[in-house]
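Colleague: Protein sequence lines correspond, in order, to chains A, B and C. For the first sequence, position 15 (counting from the first letter as 1) is numbered 15 according to our numbering, and the numbering increases by one without interruption. For the second sequence, position 128 (counting from the first letter as 1) is numbered 128 according to our numbering, and the numbering increases by one without interruption. For the third sequence, position 137 (counting from the first letter as 1) is numbered 137 according to our numbering, and the numbering increases by one without interruption.
For the record, the hints were derived by calculation from the structure and aren't laboratory data. Ideal Cβ placement from N, Cα and C applies to all residues, glycine included. Mixed in with the good hints, there may be bad ones.
[As the list claims (entries may be wrong)] Here are a few chain A residues that sit away from chain B, every Cβ distance over 10 Å (derived from the structure):
#, residue
1, 30
2, 37
3, 86
4, 173
5, 184
[To be verified] Residues on chain B that point at chain C, a partial pick, calculated with CB under 10 Å:
#, residue
6, 10
7, 11
8, 12
9, 13
10, 51
11, 52
12, 54
13, 91
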Amino acid sequence: MSYLTDIGALARKDLRLELRARDTLPAMLLFVVSALVVFHFTLPQGASRLAAFGLLWVALIFTALLGLTRCFAAEREQDVLDGLVLAPSDRSAIWLGKAIAMLAFLVAAEVVALPAFALFFGPGIDGRTLAGVALADLGICTVGTLLAGMAAASRARELLLPLLFLPLAIPIVIGGVGASVNGGVRYVEFLVLYDAIFAIICWASFEYVVTE
Amino acid sequence: MIRARALEKRYGDKRVLRGLDLEVERGGFLVVTGPNGSGKTTLLRLCVGLAQPTAGELEVDVSRGRLGFLAHEPLVYRELTALENLDLYGRLYRVPERRERIGMLLERFRLWEARRERVGSYSRGMLQRLALCRAFLHEPDLYVLDEPFTALDAEGAELLDRELAERRERGTFLVATHAPARFEALATAQVAIVQ
Amino acid sequence: MVAAVTMIAFFAPEDADQGLSQKIFYFHVPIALTSYACFGWGAWKGLLHLWKRSPGADLESYVAIHQGVIFGALTLVTGSIWAKISWGVWWAWSSNQLVLFLVLFLFYAAYFMLRFSVEPGPRRANLSAVYALFGVALIPVSFMAIRLANDFIHPTVFTSNGPQMSGRMFASFCVSWAAMLLLAGTLYRVELAGKRLDSRLRELRELLA
Numbered sequence: 001m002s003y004l005t006d007i008g009a010l011a012r013k014d015l016r017l018e019l020r021a022r023d024t025l026p027a028m029l030l031f032v033v034s035a036l037v038v039f040h041f042t043l044p045q046g047a048s049r050l051a052a053f054g055l056l057w058v059a060l061i062f063t064a065l066l067g068l069t070r071c072f073a074a075e076r077e078q079d080v081l082d083g084l085v086l087a088p089s090d091r092s093a094i095w096l097g098k099a100i101a102m103l104a105f106l107v108a109a110e111v112v113a114l115p116a117f118a119l120f121f122g123p124g125i126d127g128r129t130l131a132g133v134a135l136a137d138l139g140i141c142t143v144g145t146l147l148a149g150m151a152a153a154s155r156a157r158e159l160l161l162p163l164l165f166l167p168l169a170i171p172i173v174i175g176g177v178g179a180s181v182n183g184g185v186r187y188v189e190f191l192v193l194y195d196a197i198f199a200i201i202c203w204a205s206f207e208y209v210v211t212e
Numbered sequence: 001m002i003r004a005r006a007l008e009k010r011y012g013d014k015r016v017l018r019g020l021d022l023e024v025e026r027g028g029f030l031v032v033t034g035p036n037g038s039g040k041t042t043l044l045r046l047c048v049g050l051a052q053p054t055a056g057e058l059e060v061d062v063s064r065g066r067l068g069f070l071a072h073e074p075l076v077y078r079e080l081t082a083l084e085n086l087d088l089y090g091r092l093y094r095v096p097e098r099r100e101r102i103g104m105l106l107e108r109f110r111l112w113e114a115r116r117e118r119v120g121s122y123s124r125g126m127l128q129r130l131a132l133c134r135a136f137l138h139e140p141d142l143y144v145l146d147e148p149f150t151a152l153d154a155e156g157a158e159l160l161d162r163e164l165a166e167r168r169e170r171g172t173f174l175v176a177t178h179a180p181a182r183f184e185a186l187a188t189a190q191v192a193i194v195q
Numbered sequence: 001m002v003a004a005v006t007m008i009a010f011f012a013p014e015d016a017d018q019g020l021s022q023k024i025f026y027f028h029v030p031i032a033l034t035s036y037a038c039f040g041w042g043a044w045k046g047l048l049h050l051w052k053r054s055p056g057a058d059l060e061s062y063v064a065i066h067q068g069v070i071f072g073a074l075t076l077v078t079g080s081i082w083a084k085i086s087w088g089v090w091w092a093w094s095s096n097q098l099v100l101f102l103v104l105f106l107f108y109a110a111y112f113m114l115r116f117s118v119e120p121g122p123r124r125a126n127l128s129a130v131y132a133l134f135g136v137a138l139i140p141v142s143f144m145a146i147r148l149a150n151d152f153i154h155p156t157v158f159t160s161n162g163p164q165m166s167g168r169m170f171a172s173f174c175v176s177w178a179a180m181l182l183l184a185g186t187l188y189r190v191e192l193a194g195k196r197l198d199s200r201l202r203e204l205r206e207l208l209a
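Using the sequences and the accompanying hints, generate a full structural model.
Modeller: Listed below in structure tokens is the structure:
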């Protein structure tokens with residue numbers, strides 16, 4: 001199907017751009033480790049496991065936000081988005097391609113972040129945590145990429161994206177932290193629900209985010 | 001192919017186009033002139049679908065895939081090479097025999113030697129030629145060109161003249177320009193936008 | 001008409017011989033429900049704008065959401081007062097309704113930031129409509145999340161269930177709710193008329209220029 005080739009071409013383009021520019025991913029990696037170090041100093045002695053996991057999720061959310069802010073940077077700085085929008089391909093392919101690339105960056109950051117967390121705060125990352133992280137990543141990348149597209153159309157770009165993203169990220173964080181501290185499988189189920197609902201809305205509405 | 005009646009476009013409180021009537025028949029070549037800021041670019045963007053009119057009617061009888069747009073910006077990624085950029089657009093526009101077509105266009109616009117260099121290192125003239133490659137790649141039925149001779153040196157202008165002459169029969173053209181004289185031989189009509 | 005209906009809203013609770021805290025309930029919950037209704041209406045108008053390109057739908061969506069935020073702020077205020085009266089604290093994370101409104105308030109406040117930072121035009125209308133649709137999906141999702149959150153953040157000390165409603169109380173509640181909806185509807189129409197007048201004035205000024 002040509003829709004899938006479009007998505008593949010666009011995702012590959014974004015990955016290649018990052019490979020050349022090499023600015024977003026190193027920043028995300030450095031940020032997440034620095035954040036975890038800062039959090040070590042903000043946690044009081046003998047803090048609970050829940051608190052530590054809470055801070056892991058704070059680190060992940062803000063690392064994702066850092067990446068998302070750069071998401072449409074290339075298109076914005078060079079006005080290339082018009083070229084993509086004019087193409088006969090479905091506009092939602094632009095969103096999906098970017099979301100996939102964003103997911104790759106986020107997973108790469110987590111490959112560093114999770115072992116660092118285990119190192120700094122002690123072991124405790126289990127299967128359910130990973131499932132929570134994986135599902136949360138999907139939610140973050142789908143919703144975040146669309147919101148980055150919105151922010152790209154505004155004057156206040158870097159300022160606006162966190163404001164748009166954080167309220168929608170609250171349910172993701174709740175689901176993620178719940179999954180991490182063995183709250184039960186319903187947190188994982190909740191994340192699946194969140195991802196499904198918002199992925200559909202994003203997919204159907206991205207067309208309107210980039211056109212008049 | 002293009003029909004506009006009482007077309008109007010407003011950005012916030014500023015009215016950029018007002019009461020514009022326009023018609024381009026199939027196979028026609030319309031040249032649009034006007035001073036800077038008169039709304040030529042806005043008109044082209046409306047015709048191409050990147051903007052919606054605030055009032056009036058606009059009909060463009062061509063699908064997105066058969067439309068070739070040359071904008072003010074080259075619409076290419078600086079960090080990618082010419083080949084990679086055209087390959088991306090070739091895929092998105094479902095260009096048949098993509099590699100051959102890209103190679104041929106790069107040759108005709110004298111960009112073949114520089115095809116593996118990052119576009120960021122190109123001169124303005126080369127950028128414009130690449131942008132033209134991008135616009136022509138999928139052999140559109142409707143060409144919408146915003147000041148196509150910008151930044152082209154004498155050699156580049158010659159190449160473009162040749163391309164336009166060759167494609168003249170196979171397409172319809174809407175061109176915005178400061179120098180309508182260049183298109184005298186090709187144009188069927190000319191329209192001036194007045195403030 | 002608005003005055004008469006709001007008066008009814010005041011008299012009805014006095015019928016029920018409950019303490020002061022219960023009287024707040026007659027305001028707080030209807031205000032919250034009206035807020036939901038406004039956000040829903042705003043999302044509906046947003047959908048109309050995207051789907052049918054109805055002219056004026058964007059403005060109606062904006063005004064509806066504006067009303068929703070006003071009533072949302074009132075929900076937070078009345079909820080806080082109720083919490084103070086019932087439990088002695090100005091804020092209770094265990095009150096699902098209150099926390100939900102806090103999240104929604106943040107979300108819709110960002111809506112206004114979005115609108116202020118984009119040039120007026122079809123692009124801004126599209127973005128606002130999409131965002132309004134996100135909001136309406138966020139309401140149930142957020143509610144579920146907050147309920148899950150309370151299971152591991154705070155042990156449930158306070159319950160946030162409303163009182164059991166007797167027939168007379170239920171009637172008063174309904175009257176109050178109807179009054180709130182009418183109030184919202186009237187404010188909505190007033191603000192909408194005002195904004196439409198503004199834009200028509202601007203159009204006339206342009207024609208004269």
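Colleague: All the hints need checking, so say for each whether the structure fits it.
Modeller: Verification of the hints:
Residue 30 of chain A, annotated as away from the interface, keeps every beta carbon of chain B farther than 10 Å; the closest lies near 21 Å. Listed as a non-interface residue, residue 37 of chain A keeps its Cβ farther than 10 Å from every Cβ of chain B; the least gap is roughly 32 Å. With a cut of 10 Å on Cβ distances, residue 86 of chain A falls inside the contact zone with chain B, its closest approach being about 6 Å. Residue 173 of chain A, annotated as away from the interface, keeps every beta carbon of chain B farther than 10 Å; the closest lies near 34 Å.
No Cβ of chain B approaches the Cβ of residue 184 of chain A within 10 Å, the least distance being about 45 Å, so the stated non-interface status holds. Interface hint at residue 10 of chain B: satisfied, since its Cβ lies 8 Å from the closest Cβ of chain C, which is below the 10 Å cut-off. With a cut of 10 Å, the hint placing residue 11 of chain B at the interface with chain C holds, because the nearest CB-to-CB distance is about 6 Å. For residue 12 of chain B, the interface hint holds, the least distance from its beta-carbon to any beta-carbon of chain C being 5 Å, beneath 10 Å.
With a cut of 10 Å, the hint placing residue 13 of chain B at the interface with chain C holds, because the nearest CB-to-CB distance is about 7 Å. Because the smallest distance between the Cβ of residue 51 of chain B and any Cβ of chain C comes to about 8 Å, under 10 Å, the interface hint for this residue holds. Because the closest C-beta pair between residue 52 of chain B and chain C is about 5 Å apart, less than 10 Å, the hint holds. Annotation: residue 54 of chain B was flagged as interfacial toward chain C, and the flag holds, the nearest CB pair being 8 Å apart, inside 10 Å.
Proximity of residue 91 of chain B to chain C is violated relative to the hint, the smallest CB-CB distance being about 27 Å (cut-off 10 Å).
The structure fails to meet hints 3, 13 from the earlier list, while all remaining hints are met.
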